[in-house]
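One letter stands for each residue in the lines below.
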Amino acid sequence: MPEPTVRVADLRKTFRVPVRESGLAAAARSLFRREHRDVNAVDGVSFAIEPGEIVGFLGPNGAGKTTTLKMLSGLLYPSAGEATVLGHVPSRRDAEFLRRITMVMGNRNQLQWDLPAFDSFDLIRAIYRLDPAVFRQTRDEFVELLDLGDLVHKPVRNLSLGERMKMEFVGALLHRPQVLFLDEPTLGLDVTMQKRIRSFVAEYNRRFGATVLLTSHYMADVQALCRRVIVIHHGRILFDGALADLSTRFDSSKTIGVTLRDGVADLSAYGEVLSTDDDRVVLRVGRLEAPEVTARLLRDLPVADLTIEDPPIEDVIERVFADARDERGTPTEAAVR
Amino acid sequence: MTVASPAAPAQPGGFLASARGWIGLYLTQMRISIASQIQYRVSNYFYMIGMIAEPVIYLVVWSTVARQQGGSVGGYSPGEFAAYYIVWTLVRNFNIALTPWAWEERVRGGALSGMLLKPVHPIHLDLAGLAGWKAVVIVLWLPIAAFLSLIFQPTLDLRPIDVVVFLVAIWGAYVLRSMFLWLLGLVTFWTTRVGPVFDIFFVAELLLSGRLVPLTLMPDWTQRLSGALPFQWTFSFPIEALIGRLPPEQLLGGLAMQVLWIAIGAVLVSLAWGKAVRRFSAVGG
Amino acid sequence: MADDRTPLAPRPATFASRRRDPLRPLRLFALFFRVGALNELQYRANFAVQLFQSALALATGLVVLALVFRQTTNLGGWSQPELLAVMGVHILMGGLIRTAIQPNMERLMTDVRQGTLDFLLTKPEDAQVMVSVREFRIWQAVDILIGAIVLAIAVGQLRTGIGLGPALIFAVALLLGAVMIYCFWLLLTTAAFWIVRMDEIHELFEGIYQSGRWPVTIYPGWLRISLTFLVPIAFAVTVPAEALTSRLTVDTLALAAGFAVVLFVATRWFWRFGLRNYNGASA
Chain A
1 MPEPTVRVAD LRKTFRVPVR ESGLAAAARS LFRREHRDVN AVDGVSFAIE
51 PGEIVGFLGP NGAGKTTTLK MLSGLLYPSA GEATVLGHVP SRRDAEFLRR
101 ITMVMGNRNQ LQWDLPAFDS FDLIRAIYRL DPAVFRQTRD EFVELLDLGD
151 LVHKPVRNLS LGERMKMEFV GALLHRPQVL FLDEPTLGLD VTMQKRIRSF
201 VAEYNRRFGA TVLLTSHYMA DVQALCRRVI VIHHGRILFD GALADLSTRF
251 DSSKTIGVTL RDGVADLSAY GEVLSTDDDR VVLRVGRLEA PEVTARLLRD
301 LPVADLTIED PPIEDVIERV FADARDERGT PTEAAVR
Chain B
1 MTVASPAAPA QPGGFLASAR GWIGLYLTQM RISIASQIQY RVSNYFYMIG
51 MIAEPVIYLV VWSTVARQQG GSVGGYSPGE FAAYYIVWTL VRNFNIALTP
101 WAWEERVRGG ALSGMLLKPV HPIHLDLAGL AGWKAVVIVL WLPIAAFLSL
151 IFQPTLDLRP IDVVVFLVAI WGAYVLRSMF LWLLGLVTFW TTRVGPVFDI
201 FFVAELLLSG RLVPLTLMPD WTQRLSGALP FQWTFSFPIE ALIGRLPPEQ
251 LLGGLAMQVL WIAIGAVLVS LAWGKAVRRF SAVGG
Chain C
1 MADDRTPLAP RPATFASRRR DPLRPLRLFA LFFRVGALNE LQYRANFAVQ
51 LFQSALALAT GLVVLALVFR QTTNLGGWSQ PELLAVMGVH ILMGGLIRTA
101 IQPNMERLMT DVRQGTLDFL LTKPEDAQVM VSVREFRIWQ AVDILIGAIV
151 LAIAVGQLRT GIGLGPALIF AVALLLGAVM IYCFWLLLTT AAFWIVRMDE
201 IHELFEGIYQ SGRWPVTIYP GWLRISLTFL VPIAFAVTVP AEALTSRLTV
251 DTLALAAGFA VVLFVATRWF WRFGLRNYNG ASA
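Chains as they are written, first to last, in my numbering: chain A, 1 to 337; chain B, 1 to 285; chain C, 1 to 283.
Since the hints were made in silico from the structure, they are not lab data.
Wrong hints could be hidden among the right ones.
[Said to hold, decoys possible] Okay, the calculated bits of chain A under chain B, using three or more residues with CB under 8 Å as the criterion:
hint : segment
1    : 114-122
2    : 127-134
3    : 314-320
Predicted model only: the values in this text are computed from it and were never measured.
Note that beta-carbon positions come from the ideal geometry of N, C-alpha and C, so glycine has one too.
Only chain A is shown next, with the shape it has when bound in the complex (with noise of 0.2 Å):
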C-alpha cells in the first residue's frame, strides 16, 4: 500500500484580522493599540490522499478551500497541524517539492505578456532545469492536447481569455508535476473551453498519475472529474468520500418528474412541488416514499411520462450549507480575502 500524497492532520488556519470601527474615538484609539480579531479560516481538517486520485473540494466562498489549498502547496504557513505532500513539509519550500507541484489560480499570470508563450515556456525550462528533449516533447504533446497549434507563436497579451488559460495551463505542467493544485481552474471561461481544459486534467493524469486537488464552483467540472469530494464549510470538512454517495448522506429525497396527459394539476398532495412549466410538475419526495408515492401518482392520474432521479448535485450542496449554516457566526476566510 503505496504512501499517501497528501497527508493532512489537524490542519488549522487562523487570520489576524485588523478590526477597525468608525467613529472618531476608535480613530484616536487605533493610533495607540491596533486591535485585532482572530479568524479561523480553517479549522481542524485532517484526510489523506492517494497518489493518482482526483479529489475535489467543495464549499462556499469562505469555507477554506483555497487556504487548505495554498497550505498544501507551500503559500501560507500553517497555524497548526500537521501536513504533508510527496514526504514534504510544504511551508519549508524545498526546491525539490516545489519542482513537483503546481498550482492554477485565477489571477496569476505566469506568462510574460508581451512575448509569444514559446518564450514563456522556454523560461520555465531554465527554471525547472528540464531535459531539453523530454520538455520539447512534453510541451509538443500539450499544445496538440489543447489544440492550440500557431497560438504558441503569438504574443499573450494578443491571444482571448480562453487561450490564454490554456497556455497558462501548459505552462503550469510543462515540468510533468506528481500533485496538481487547481483552484477555479474554469472560471470565467466558455462551456467549450471548460469542456476542454477538463478532458485535459483527466488526460494528464491518466498518463502520469498525478494527483489532483481541484476547487471548482462548477459541479460540471467536480462531475466529470472527481470520484471523491470533500466538502468544506467553516473551516472543517463536513463529508469526505464519494461523490455518488453525497445524495444519499445529505439529501433523502427523490424527485419525480411527473407529465399528465391532459394537462397540469395541483399535486401538493403527493408531495413537495418544486416547479410546474406546460405539462411538467416536479415533486420532491422523500427516499422512501417515493416508491409508494409513484405508485398513487400512477394509479390515479393520467400519467404520460414519469421520471425518478436522484436530486441535482447542486441542491444537495446547497442544502448541506443551508443544514450546517450553525449559529456560531464564526467569520470566515472571505472576510480576510
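Fit chains B and C to the supplied structure of chain A, relying on the hints for placement.
Chains B and C alone, transformed into the frame defined by chain A:
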C-alpha cells in the same frame, strides 16, 4: 494503467551540472527580458538622453568652480570633472535595479504567489531580468559618451587594469545595489507607508555614493561615514576606477569591498525574505 | 398667468457676453480651481507626502550650494545669496509648473491617446482654454510656498533690499517666464496629435528643468542658447532672478516680452492647426 514517469530534474546533481543550470537560467531570463524590452526601444533611448541632464549640470557647475579656483578643486580639474561625469552616465545606467516601489504591486496583485511557487529564489529572476538590458546599454551608451567627450574634453589616464577592474566593478555595483534595494523593498511587507523610508534612503544614497559630487569634495566626516556604508562601492568606486585615480591595490581592494558588501546584502536578504514570507502568510495576503 | 420673465432657453445676452468677456479664461480657471483643487484638500496625505519630499529636495539643494561655497565665494559672478535667490525662483516656478501646467498637459496627452478629447471639443468654451485650466495638483503648491520663503530669505541676505519697482519687474518677469513654459509645454503636447506615444516627455522635462537651478550664464554657449530659446528655462528662472539681483537690463526684459508674445501666438496657431487635423476638418 500505463503511467509515464514525471520529469525528474535533468541535471542529476553535481556542482558542474548545477552551475550549468544556473547559467542557463540567467541567460534565458536575460534573453527574454531583452526581447520584451526591445519593443520599447525608442522610449528607452529618450530616457537615457534625459538622464544625462543631471551629470551635465553638475559637470558645468564644478568645472566653473574649478576654473575660478585656479584650475582644480577637490583634486579635480575641469577635464577630470568631465571624465568623472561622463563615466557617471554609464555607471548610473548600470546601477538601475528593481525599484522598491514594485513590491506594493507584487504583494497586492498576486504576483507574489507565482514567485513563491517557483523552485528558485525570486531575486535570481529579478537580477537576470534587468541584467540583460544592461549589456545592451553599454552599446547604446557609446555614442552618447563620444558626443559628450567632444563637447567637454575629458582628461583620462587609462591603464588596461583600470578597464578590466571597471568592467567587473560595474556588474558588482549592479548586484550590490540590487541586494540593498531588494532589502528596502521588503519593508512593504510590514507597512504601507513606505514613501518616507524610500525617500530618505535615496537621498542618503545620493549624498554618500558619489552621485552628487566626487566624494573628495564632501567634508571629512561625510567621507568617513561613506566608508562605513555600501553606497560608495556602487557609484564612486567604478567611476574612480575607470578614470584612473586609483592605484592597483585600491582597485583590487575596492573589488574586495564589493564582494564583502554583496555577501552582507545576500545574508540580510535571505533573512528578511524568510520573515517577509511568514508575514505575508500571517495576514493572509 | 405665465411669468414671461423666466425664459426656458438661455437668454441670447448670455452668449454674447461670453464671447466678449476677455476675462473668461480667468473665470474658468477660478471655477475649476474651486471645484477641483478644494476637493483635493481633503486628501491631507498628499500634502504630507509632498511636504516631506519638497523638504528633502530643498535640503539636497542647500547641501549642494554649501558644498560649492566651501570651495569658492562666487559662481560665475553670482554670490551665495544670489544663488539662493535663483534656487528660490527655481523652486517657486517648479511648483507653479507642477501645480497648474503639467497636470493639464498630461491630461491632454491622455485624452488624445484614449480618444476622449472629443467630449471637451463639444463644449462651448474655447478648447485651448479648457485644456489649460481644468486640472490641478494643488498639493504641489507647497513648492510655491517653499520657493517664496527661500526667495524671501535670499533677498533678505542681499545687502540691497528690494524696492517696489524691482519687485514689480520681478513679478512681470516671472509671469512672462510662466507663459513661455506654458507655451513650450503646449507646443510639445500638441505634437501628441501626431506622435501619440509621448510618455517620457515629462521625465525629460524634469531633467532639463534641473538646469535652471543655476544661472544659465554658467553654461557653455550653445547650451545657454538652447536653454533660452529651445526650452525657455532662462526666461523662467534666471531672468526673474536677475530682476531681484539688480542684473536685469531693459534689453533682456524687452527680449523676454517679445519672445513671450511670439511664442504665444505661435503656440495658439499650432494648437488650432493640430486641432483641425484631429477633427479631420480640412485645414
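Hint check, failures only: 3
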